[in-house]
Amino acid sequence: MKKAIGLGLLVGIFFAVFVLLQEYIGASAFYIAALAIAMFAVIGPFGDYLKTAIAMLIGVVVGLVGIVALAAAMPLPPDNLIYVAIVCGLSLFLMVLLSATGMRIDAMFLGWAAIFAALYQTYLTNTTAIATQALPALVGTCVTLLVGMVLSLIIIKIAMAVNK
Amino acid sequence: MLKTSKFRAYLILLVVLMLVFAPVATAQGPAPDKILDNELVISQLDDNSEISSISVLNHVRVFGQGQFSIQDSSKYKLASVRNLYGNEKITQDGNNLTIPFSIGSGKAFGDIYYLAGIADEEIAKIKNEMPISIKIEYYLDDVKMLPSELAGKSGHLKIVTTMENLTGKPTVLKFKDINGQEVSKESTVYTPYAVALKDWAFDNDKFANISAPGVAEQSPEGTIANIQGVSSVSWTVPLIPPSYPAKQFATFEADAIDIELPSFNIAVMSVVPVQSSIDNLGKVQTSLEQLYGGFDQIENGVGAPSKDATLLYGLNAVDQGVAQIGGGLGSLYENLMKIRVGMATPGFDAKTYDGAKGADAAGKTPGVQDAIKIMKSTIDSQLIPGLMIQKATLTSMETAVGKPADSGQEPSTSTSIYNDINQLKAATAGTPAQKIISDSLEPKLQKLGKDIADFREGSSYPANVAKVEAGAKQLSEALGKSDQGLAMMVFGLGTLQEDGTPMPIMMNGKPGSILYALNYLQDAINGKLQPGVGQLSDGAGKIGAGAGTAKTGIAEGLQTFQQIPVLTATLKDNANQASNWLGKIEGSETTLTYVFQTQPVSQDGNAMKVGAGLIGISLIALIAAGRPPKLDVSTPVDA
Numbered sequence: 001m002k003k004a005i006g007l008g009l010l011v012g013i014f015f016a017v018f019v020l021l022q023e024y025i026g027a028s029a030f031y032i033a034a035l036a037i038a039m040f041a042v043i044g045p046f047g048d049y050l051k052t053a054i055a056m057l058i059g060v061v062v063g064l065v066g067i068v069a070l071a072a073a074m075p076l077p078p079d080n081l082i083y084v085a086i087v088c089g090l091s092l093f094l095m096v097l098l099s100a101t102g103m104r105i106d107a108m109f110l111g112w113a114a115i116f117a118a119l120y121q122t123y124l125t126n127t128t129a130i131a132t133q134a135l136p137a138l139v140g141t142c143v144t145l146l147v148g149m150v151l152s153l154i155i156i157k158i159a160m161a162v163n164k
Numbered sequence: 165m166l167k168t169s170k171f172r173a174y175l176i177l178l179v180v181l182m183l184v185f186a187p188v189a190t191a192q193g194p195a196p197d198k199i200l201d202n203e204l205v206i207s208q209l210d211d212n213s214e215i216s217s218i219s220v221l222n223h224v225r226v227f228g229q230g231q232f233s234i235q236d237s238s239k240y241k242l243a244s245v246r247n248l249y250g251n252e253k254i255t256q257d258g259n260n261l262t263i264p265f266s267i268g269s270g271k272a273f274g275d276i277y278y279l280a281g282i283a284d285e286e287i288a289k290i291k292n293e294m295p296i297s298i299k300i301e302y303y304l305d306d307v308k309m310l311p312s313e314l315a316g317k318s319g320h321l322k323i324v325t326t327m328e329n330l331t332g333k334p335t336v337l338k339f340k341d342i343n344g345q346e347v348s349k350e351s352t353v354y355t356p357y358a359v360a361l362k363d364w365a366f367d368n369d370k371f372a373n374i375s376a377p378g379v380a381e382q383s384p385e386g387t388i389a390n391i392q393g394v395s396s397v398s399w400t401v402p403l404i405p406p407s408y409p410a411k412q413f414a415t416f417e418a419d420a421i422d423i424e425l426p427s428f429n430i431a432v433m434s435v436v437p438v439q440s441s442i443d444n445l446g447k448v449q450t451s452l453e454q455l456y457g458g459f460d461q462i463e464n465g466v467g468a469p470s471k472d473a474t475l476l477y478g479l480n481a482v483d484q485g486v487a488q489i490g491g492g493l494g495s496l497y498e499n500l501m502k503i504r505v506g507m508a509t510p511g512f513d514a515k516t517y518d519g520a521k522g523a524d525a526a527g528k529t530p531g532v533q534d535a536i537k538i539m540k541s542t543i544d545s546q547l548i549p550g551l552m553i554q555k556a557t558l559t560s561m562e563t564a565v566g567k568p569a570d571s572g573q574e575p576s577t578s579t580s581i582y583n584d585i586n587q588l589k590a591a592t593a594g595t596p597a598q599k600i601i602s603d604s605l606e607p608k609l610q611k612l613g614k615d616i617a618d619f620r621e622g623s624s625y626p627a628n629v630a631k632v633e634a635g636a637k638q639l640s641e642a643l644g645k646s647d648q649g650l651a652m653m654v655f656g657l658g659t660l661q662e663d664g665t666p667m668p669i670m671m672n673g674k675p676g677s678i679l680y681a682l683n684y685l686q687d688a689i690n691g692k693l694q695p696g697v698g699q700l701s702d703g704a705g706k707i708g709a710g711a712g713t714a715k716t717g718i719a720e721g722l723q724t725f726q727q728i729p730v731l732t733a734t735l736k737d738n739a740n741q742a743s744n745w746l747g748k749i750e751g752s753e754t755t756l757t758y759v760f761q762t763q764p765v766s767q768d769g770n771a772m773k774v775g776a777g778l779i780g781i782s783l784i785a786l787i788a789a790g791r792p793p794k795l796d797v798s799t800p801v802d803a
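From first to last, the protein sequence lines stand for chains A and B. Sequential numbering from 1 applies to the first sequence in our numbering. Sequential numbering from 165 applies to the second sequence in our numbering.
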């Protein structure tokens, strides 16, 4: 129990520190990290967290490519829902295809959703800013997801330790 | 074979007809009712506030219904053209663009927004062709820095944005002046531009003591709105000479911590602004015209010495009159001086007067008063005493003659002749001697006594001694009065000093004698009146010249007002001509706005580096502990 409390505190402090330092590490959407942390429930104690993280990063890249394609090559909002739908459909189609290679589809979706959460509002309101915000958003999203994944790993270790 | 030949003939005919009628069909296509073309030229400024890239957001609105193919052009080489909000295909042929419009029924117009990116090789040329130059300088604690160097620093931040209108060209403006004369005046006329530095946002957590000070005639003061933790600073800078300077600057100052700045937008529009302020220029112009009229009247009133019915002409006449008065007074003075000297010679000494020489010891001849004094003195000292002596002598003689009744006294030296005769007659009584005495001597003696008495003061002698004496006394008194009268006249004319000039005597603040008064008057005329009139003429001349100068100045000032309508019209023309930058669609109404975007100051770079590092660490951690454990797939061997 003591070990659980100690590790739980450690995770809590890590997350709190992450939230506090989010601006200094370029991670603006800290709550996405909570989603990544929650992945421990589906990955399980013997899951491949590294592979899941890579799948998340692939999802982020697919999402970023989709956003950039929307911003740079297609009609811009507000009357462009059809193009958003096409890009989203293609993205998911691509990720499903990629899942055939062994990548976790859920992780890729999470990565895709995370980058969309970071950039879609900017795309809607100030499309030209995508040019300058895409790279910071990419780094910030990756940091958020990977930190979440590390914390997820720590939590599963705690769970395993507690449950032996 | 025949069928094949017919088919070919029909095919050829069809192609020919298509070739012939296709252009006609195109030419007869519908024309839009109206085209609006709005250009937004977006210039990205780099770290040195130089233009690093330019893109043009073009909004074309076409009114009408049907299919339209709008031809647009670009005077600069384009790197890309993109339809931003629609899927119509904009075709690019060199610098010519074709924009298709399809406006369905129920719609009055169609819009296409396209973004044209200017090729990089054109940027250097465009920098020199921009109508407005924008220069932004950043200072931290008075040290000039590049914006990229500011990120994360703290101190007193100062941002100076210098804007200059570069469109000034010499232009001849023609208008009518106050006298109705047509005036051609060359002025440097600009295309009017207003620069809006709008809503520069500063986070209150990072910036304090924010100010946007202005400098009269150089820099407008900014407006600061503090809304929900963000201070928004805005400036509006009209670069519209002559009302506003062609070059101005806007200053932002604040105490900053951990500096981060967003990209600021600087919008530039060609516009002749309509001011809501109350226009007093009309009243000022009317006042200046009245002032001009007033100075004109002054100038005409002052006039010239040769121009009749003017102040200078009058003053010239006064000057001449004063000169005549001065001359007359001089003549009067000289003549009165002669009279004065003739009445009483200054310094004449009557005591040393020599009658034979007719002058005193100093050789001065006596004046009238001097002569009268001499006469009176002679009468008083010589004539009257002589007459008195004569009268006493006659009395003595009469006493010596005696009375006929004198007798009985022994003749002696003290007895009268009658006593002696009577004694002698008594002694010679009865003798011829008595008869001689009675008939000859006594009558003669009687006549002698009577004559003596008469000569002294008898009535038989009109000029007897007593009368002469009385006359001499009267003469003396009359001379005395004459002397007094002459003395009064001399005093009235004025006492003379040894040098012959009137003695300056003032009585009750006024000259005490005629000569001194004349002298005083002469001095006043020569010393004050004539110079005063001269100064008055000079002053009037200066007033006239000043009025003329003022008229010239006011006329020039009025020309400034009078050229305002022409200038405003020219400015509006320039503004209309400057409503297009990239290229004009034939027959379109155009508007143009420039936007300069500053380089943002951000710490994202550092955050990205830290984030990248953290990504690496996370991946290492996941590689180390995130891989699934290797499962023991060996089958336990049953014992």
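In short, the hints are calculated from the structure, not lab data. Since this is a predicted model, take the numbers as computed values, not measurements. From the three backbone atoms N, C-alpha and C, an ideal C-beta is built for every residue, glycine too. Hints are not guaranteed to be accurate.
[Stated by the list, open to error] With beta-carbon atoms standing in for the labels, derived distance ranges:
| id | chain 1 | residue 1 | chain 2 | residue 2 | range |
| --- | --- | --- | --- | --- | --- |
| 1 | A | Ala129 | B | Val324 | 25 to 35 Å |
| 2 | A | Ala131 | B | Asp737 | 52 to 62 Å |
| 3 | A | Ala16 | B | His223 | 29 to 39 Å |
| 4 | A | Cys88 | B | Ile391 | 32 to 42 Å |
| 5 | B | Ser233 | A | Cys88 | 41 to 51 Å |
| 6 | B | Ala431 | A | Val42 | 30 to 40 Å |
| 7 | B | Gly268 | A | Val42 | 27 to 37 Å |
| 8 | A | Gln121 | B | Glu753 | 52 to 62 Å |
| 9 | A | Cys88 | B | Lys253 | 53 to 63 Å |
| 10 | A | Ala161 | B | Asn373 | 46 to 56 Å |
| 11 | A | Gln121 | B | Ser233 | 35 to 45 Å |
| 12 | B | Lys794 | A | Ala161 | 15 to 25 Å |
Hint by hint, which ones does the structure fall short of? 2, 3, 5, 6, 7, 8, 9
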